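K.L.:
Chains as they are written, first to last, in the working numbering: chain A, 1 to 116; chain B, 1 to 111.
Heads up, some of the hints might be wrong.
Partial pick of chain A residues on the chain B-facing surface, computed with a CB cut under 10 Å [unchecked claim]: (1) L45; (2) A92; (3) Y106.
Think of the hints as simulated: they come from the structure by calculation, not from any bench. These numbers come from a predicted model, not from an experiment. C-beta: ideal position from N, C-alpha, C; glycine also.
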Amino acid sequence: ETGVTQTPRHLVMGMTNKKSLKCEQHLGHNAMYWYKQSAKKPLELMFVYNFKEQTENNSVPSRFSPECPNSSHLFLHLHTLQPEDSALYLCASSPPGGAGGHDTQYFGPGTRLTVL
Amino acid sequence: RKEVEQDPGPFNVPEGATVAFNCTYSNSASQSFFWYRQDCRKEPKLLMSVYSSGNEDGRFTAQLNRASQYISLLIRDSKLSDSATYLCVVNGAGGSYIPTFGRGTSLIVHP
Numbered sequence: 001e002t003g004v005t006q007t008p009r010h011l012v013m014g015m016t017n018k019k020s021l022k023c024e025q026h027l028g029h030n031a032m033y034w035y036k037q038s039a040k041k042p043l044e045l046m047f048v049y050n051f052k053e054q055t056e057n058n059s060v061p062s063r064f065s066p067e068c069p070n071s072s073h074l075f076l077h078l079h080t081l082q083p084e085d086s087a088l089y090l091c092a093s094s095p096p097g098g099a100g101g102h103d104t105q106y107f108g109p110g111t112r113l114t115v116l
Numbered sequence: 001r002k003e004v005e006q007d008p009g010p011f012n013v014p015e016g017a018t019v020a021f022n023c024t025y026s027n028s029a030s031q032s033f034f035w036y037r038q039d040c041r042k043e044p045k046l047l048m049s050v051y052s053s054g055n056e057d058g059r060f061t062a063q064l065n066r067a068s069q070y071i072s073l074l075i076r077d078s079k080l081s082d083s084a085t086y087l088c089v090v091n092g093a094g095g096s097y098i099p100t101f102g103r104g105t106s107l108i109v110h111p
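Produce the entire structure from the sequences given, and follow the hints as far as they go.
P.N.:
See below:
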């Protein structure tokens, strides 16, 4: 148990649906991340929040909309997705690192998303 | 040149073998380095941090070579349960302090 939880664990949605992924961390970390992992591809960083402020948006399409109401919770709102968005969506958190960097990341179990 | 590069493998080794993976990074100002392990359809989990002086944890040894800009992971006496994908992570690889993941190296340990 890493202290990072994600819900739902599995999600099937149509291209016209709107859904949200939720991530919660119980580790007292200040930074939270969304990653996408497609089959046989490396992890792709999507968004980074540090103390609730978005610090990175890695050219992610606007059909993905993150929300970070506090340092413990992170959401990813999904709307009008495409079949190629089907992937494992991983949330991670980390404490502050040296020189203002990001230290070790702890991952949630992920949400396996299928877009029909 | 990619920011963090790993040989994807797979590395197929028998139980008891010693296997080593390398990972190269492009930004000489990178600050910290990690190895993660990811099992099939699971999330990545921290295996070990990599320190300048090198570090060892049981059968696993990690080393950093700043001059040549690579880190390595050595696994001795491989077990079946070591079969997984090993991800190299570098903080500061892209010029920021955001962690950058390599593509991962697949290890298969067979009886």
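K.L.:
What are the numbers of the hints that this structure violates, sorted from low to high?
P.N.:
Nothing - there is no hint that the structure violates, so all of them hold.
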